[in-house]
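Novice: Chains as they are written, first to last, in the working numbering: chain A, 2 to 392; chain B, 2 to 392.
Just to be clear, a hint being listed does not mean it is correct.
Any copy, or any two copies together, can satisfy a pair, since identical chains are not distinguished.
To be verified - Only pairs whose alpha carbons sit at most 30 angstroms apart, straight line, appear in this in silico BS3-like list of lysine-lysine: (1) K236 / K175; (2) K233 / K114; (3) K205 / K271; (4) K205 / K110; (5) K233 / K110; (6) K363 / K274; (7) K60 / K33; (8) K33 / K271; (9) K233 / K271; (10) K110 / K59.
Think of the hints as simulated: they come from the structure by calculation, not from any bench.
There are 2 protein chains.
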Amino acid sequence: MAIDYNHLINQFGTKHIDDELLERFEHLTGRKPHLLLRRGTFFSHRELNLILDRYEQKKPFYLYTGRGPSSDSMHLGHMIPFVFTQWLQDVFDCPLVIQLTDDEKFLFKSNLKLEQCHGFAYQNAKDIIACGFKLDKTFIFSDLDFVGGPFYRNVVKISRLITARQSQQTFGFKLDDNVGKWHFVAIQATPSFSNSFPQIFGDKADIPCLIPCAIDQDPYFRLTRECAQRLKYKKPALIHAKFIPSLLGAQSKMSASAVESSIYMTDSAKEIKTKINKYAFSGGQTTVEEHRELGGDPDVDVSFQYLTFFLDDDAEVEQIRQDYRSGKLLTGELKQKTISLLQEFVKAFQDRRSKVDDALVKSFMDGTRQIDPTLRYGPGCTGEKPKAPKA
Amino acid sequence: MAIDYNHLINQFGTKHIDDELLERFEHLTGRKPHLLLRRGTFFSHRELNLILDRYEQKKPFYLYTGRGPSSDSMHLGHMIPFVFTQWLQDVFDCPLVIQLTDDEKFLFKSNLKLEQCHGFAYQNAKDIIACGFKLDKTFIFSDLDFVGGPFYRNVVKISRLITARQSQQTFGFKLDDNVGKWHFVAIQATPSFSNSFPQIFGDKADIPCLIPCAIDQDPYFRLTRECAQRLKYKKPALIHAKFIPSLLGAQSKMSASAVESSIYMTDSAKEIKTKINKYAFSGGQTTVEEHRELGGDPDVDVSFQYLTFFLDDDAEVEQIRQDYRSGKLLTGELKQKTISLLQEFVKAFQDRRSKVDDALVKSFMDGTRQIDPTLRYGPGCTGEKPKAPKA
Numbered sequence: 002m003a004i005d006y007n008h009l010i011n012q013f014g015t016k017h018i019d020d021e022l023l024e025r026f027e028h029l030t031g032r033k034p035h036l037l038l039r040r041g042t043f044f045s046h047r048e049l050n051l052i053l054d055r056y057e058q059k060k061p062f063y064l065y066t067g068r069g070p071s072s073d074s075m076h077l078g079h080m081i082p083f084v085f086t087q088w089l090q091d092v093f094d095c096p097l098v099i100q101l102t103d104d105e106k107f108l109f110k111s112n113l114k115l116e117q118c119h120g121f122a123y124q125n126a127k128d129i130i131a132c133g134f135k136l137d138k139t140f141i142f143s144d145l146d147f148v149g150g151p152f153y154r155n156v157v158k159i160s161r162l163i164t165a166r167q168s169q170q171t172f173g174f175k176l177d178d179n180v181g182k183w184h185f186v187a188i189q190a191t192p193s194f195s196n197s198f199p200q201i202f203g204d205k206a207d208i209p210c211l212i213p214c215a216i217d218q219d220p221y222f223r224l225t226r227e228c229a230q231r232l233k234y235k236k237p238a239l240i241h242a243k244f245i246p247s248l249l250g251a252q253s254k255m256s257a258s259a260v261e262s263s264i265y266m267t268d269s270a271k272e273i274k275t276k277i278n279k280y281a282f283s284g285g286q287t288t289v290e291e292h293r294e295l296g297g298d299p300d301v302d303v304s305f306q307y308l309t310f311f312l313d314d315d316a317e318v319e320q321i322r323q324d325y326r327s328g329k330l331l332t333g334e335l336k337q338k339t340i341s342l343l344q345e346f347v348k349a350f351q352d353r354r355s356k357v358d359d360a361l362v363k364s365f366m367d368g369t370r371q372i373d374p375t376l377r378y379g380p381g382c383t384g385e386k387p388k389a390p391k392a
Numbered sequence: 002m003a004i005d006y007n008h009l010i011n012q013f014g015t016k017h018i019d020d021e022l023l024e025r026f027e028h029l030t031g032r033k034p035h036l037l038l039r040r041g042t043f044f045s046h047r048e049l050n051l052i053l054d055r056y057e058q059k060k061p062f063y064l065y066t067g068r069g070p071s072s073d074s075m076h077l078g079h080m081i082p083f084v085f086t087q088w089l090q091d092v093f094d095c096p097l098v099i100q101l102t103d104d105e106k107f108l109f110k111s112n113l114k115l116e117q118c119h120g121f122a123y124q125n126a127k128d129i130i131a132c133g134f135k136l137d138k139t140f141i142f143s144d145l146d147f148v149g150g151p152f153y154r155n156v157v158k159i160s161r162l163i164t165a166r167q168s169q170q171t172f173g174f175k176l177d178d179n180v181g182k183w184h185f186v187a188i189q190a191t192p193s194f195s196n197s198f199p200q201i202f203g204d205k206a207d208i209p210c211l212i213p214c215a216i217d218q219d220p221y222f223r224l225t226r227e228c229a230q231r232l233k234y235k236k237p238a239l240i241h242a243k244f245i246p247s248l249l250g251a252q253s254k255m256s257a258s259a260v261e262s263s264i265y266m267t268d269s270a271k272e273i274k275t276k277i278n279k280y281a282f283s284g285g286q287t288t289v290e291e292h293r294e295l296g297g298d299p300d301v302d303v304s305f306q307y308l309t310f311f312l313d314d315d316a317e318v319e320q321i322r323q324d325y326r327s328g329k330l331l332t333g334e335l336k337q338k339t340i341s342l343l344q345e346f347v348k349a350f351q352d353r354r355s356k357v358d359d360a361l362v363k364s365f366m367d368g369t370r371q372i373d374p375t376l377r378y379g380p381g382c383t384g385e386k387p388k389a390p391k392a
């Protein structure tokens with residue numbers, strides 16, 4: 002069943018990212034919006050406008066994103082939000098914190114062992130680092146390593162404000178679910194508040210963040226924003242992505258567990274070719290003759306969807322869309338374009354990944370690492386003296 | 002209404018501390034059981050016999066106790082379990098961890114601020130240290146400071162094993178209670194497992210503990226023992242105390258909030274005298290004549306109860322009981338004996354307390370402090386190589 006994203010916007014009470022907002026973005030930053038913005042993969046937001054206000058006023062803010070590490074290797078669907086976040090960091094030149102919720106994976110997957118989850122977090126950190134984040138402004142952490150100290154103080158403050166009923170209603174928990182799940186929202190909420198990271202922002206900071214995430218994470222942050230208000234902290238802003246389809250169809254989310262439905266960042270050029278040719282759901286007709294006559298349907302064609310995530314040239318994408326719809330472009334030809342694009346992306350990623358050594362991971366994940374205050378908020382930023390929160 | 006402790010033993014499924022167990026205790030340790038054991042304040046246990054087995058076999062174990070810091074100053078009722086625990090440490094010459102649950106107080110008292118609770122923990126630590134614990138074998142910690150690292154790993158492991166239903170049924174939570182409360186059991190359970198404290202026990206240790214606590218804490222540890230089994234950790238043993246009556250009556254628990262019902266460890270000799278004379282519920286008759294004729298009731302007389310907590314000489318206590326019951330001893334005379342006893346105890350405490358400086362607190366609460374392995378388990382202990390838990 003197709004996901005009705007407009008319905009989600011209405012249900013969650015978020016806002017569409019519209020042309021006006023994108024124009025303002027481009028006007029302020031001098032950068033053409035990322036293809037994932039232009040093409041509506043990041044389609045919804047909460048108060049992105051307030052973050053742009055701060056950018057305009059040269060006031061500090063930071064980015065917060067995360068990942069639940071469920072296996073050793075990430076796949077293309079996992080990479081897309083990080084590719085986008087890396088681009089945002091590049092545009093805003095601002096600090097970024099990345100939470101690896103190895104504790105969450107352990108709580109939600111009864112078959113996993115704790116050290117397994119922690120190992121996944123470490124391996125995923127390498128993949129994330131290979132996206133090109135700025136070391137001097139990025140802190141990546143595993144919850145199992147980092148929860149404690151000022152971070153734990155915020156966990157406790159937040160968990161006092163969220164009732165079991167709210168957690169139950171928001172996430173659909175049953176009484177037979179473990180208390181760790183019911184409580185987990187407080188762990189995911191905490192990085193939204195800058196004083197959880199005194200080593201980066203100082204211990205009196207109250208700097209808001211922008212959270213790029215998949216739309217299914219919004220309920221966590223809706224509760225977080227309610228807590229922010231009651232704690233007199235600045236509310237996090239959000240920018241929401243649609244799900245990345247699996248190879249098997251545009252309507253399904255890519256899953257880490259089904260090998261044939263995903264392209265892993267460790268796949269060889271040959272594996273990519275085989276997977277796309279064999280599994281990528283096609284919007285084409287069954288014979289060349291029919292295809293030439295009736296044309297294909299790019300809206301359900303997975304190769305075409307993937308192409309739109311990676312091919313920056315709008316005119317070229319549009320041409321391919323039209324040619325596929327008209328039948329001028331055959332499925333095999335479309336798939337070949339996508340294969341080349343993905344092979345190139347994965348190869349470049351693998352080259353960068355091979356250079357990520359343990360020492361670099363350690364630096365990114367060092368919870369005691371101070372960040373040079375002049376680097377914290379970007380060169381254009383006034384670095385206004387942060388106000389202590391009142392709570 | 003009186004608390005029916007036999008009923009609690011049946012309800013909770015614990016065991017009476019009987020004469021046979023006390024005789025074994027005395028035989029093994031060469032020490033006469035503490036008056037709080039002899040007189041049944043510590044009246045119930047779970048597997049204390051297994052701890053005595055380990056003592057006999059010279060195998061290591063440790064003590065774990067705790068406190069929810071609810072105000073800056075502790076009162077007599079709070080001290081009694083610590084006096085007893087100090088005695089146990091002296092007898093067993095074993096390591097001890099003391100958890101100050103400042104996070105719990107914050108979660109359960111919506112009017113308190115976090116830093117207030119943390120401040121209470123620090124002040125309470127001073128009172129606890131003044132009980133005479135051995136620095137080289139005692140670690141006192143505030144949850145707000147110490148939760149994290151290996152401790153947090155166990156929190157997560159435990160919280161995966163406890164369902165919301167168990168937490169609800171065990172503690173009577175409502176859906177409108179905050180998720181921090183529902184989850185708190187995992188925090189209180191964690192110090193029961195020695196690998197939560199690698200700085201003390203090494204990171205592969207699986208050494209059991211004995212937990213002296215008030216009987217109302219048993220439900221936490223019943224769940225903890227279930228978790229222990231599933232995690233293949235050693236189960237904690239328990240030794241349970243009755244409640245200490247408030248001055249206002251032997252049937253009520255002493256409360257930190259009602260000034261007139263408690264003797265604070267900061268009270269002057271004069272305040273102690275006034276409080277006992279004015280508020281201590283009396284089992285005597287209304288006139289001297291009636292008292293001489295009918296006698297008093299030591300079972301409900303609070304002065305007499307307090308006397309039994311502090312006067313070690315069994316024969317003397319028995320004589321006072323008989324004299325009060327017969328009417329030979331007047332209420333005023335009995336109160337005077339208790340007043341002297343308490344004044345002496347509190348004065349000695351205050352003298353020790355005045356010597357507890359910030360540097361000493363810092364040492365006791367230093368979460369990185371290594372403990373000399375030869376000191377860990379007492380001179381008689383074989384220090385068997387701890388086995389790694391299988392979980």
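Novice: Now tell me, hint by hint, if it's right for this structure.
Specialist: Consistency of the hints with the structure:
Within a single copy, K236 and K175 get their C-alpha atoms as close as 29 angstroms, and across copies as close as 28 angstroms, so both meet the 30 angstroms cut-off. When the C-alpha separation of K233 and K114 is checked against a cutoff of 30 angstroms, the pair qualifies only between copies, where the shortest distance is 14 angstroms, while the shortest distance within a copy is 38 angstroms. When the C-alpha separation of K205 and K271 is checked against a cutoff of 30 angstroms, the pair qualifies neither within a copy, at 52 angstroms, nor between copies, at 45 angstroms. Taking the shortest alpha-carbon separations for K205 and K110, only the inter-copy value of 25 angstroms comes in at or below 30 angstroms, while the best intra-copy value is 37 angstroms.
Within a single copy, K233 and K110 get their C-alpha atoms only as close as 35 angstroms, which misses the 30 angstroms cut-off; across copies the closest is 19 angstroms, which meets it. For a Cα distance limit of 30 angstroms, the shortest separation of K363 from K274 qualifies neither inside one copy, at 35 angstroms, nor across copies, at 62 angstroms. In the homo-oligomer, the alpha carbons of K60 and K33 lie at most 30 angstroms apart inside one protomer (22 angstroms), although the nearest pairing across protomers, at 70 angstroms, exceeds that limit. For the identical chains of this complex, K33 and K271 are neighbours neither inside a copy (34 angstroms) nor across copies (79 angstroms), given an alpha-carbon limit of 30 angstroms.
Proximity of K233 and K271 under a CA criterion of 30 angstroms is satisfied in neither setting, with 54 angstroms inside one chain copy and 46 angstroms between copies. Taking the closest pair of Cα atoms, K110 and K59 never come within 30 angstroms of each other, the shortest separation being 43 angstroms inside a single copy and 40 angstroms across copies.
Hint compliance for this structure: hints 3, 6, 8, 9, 10 are not met, and every other hint is.
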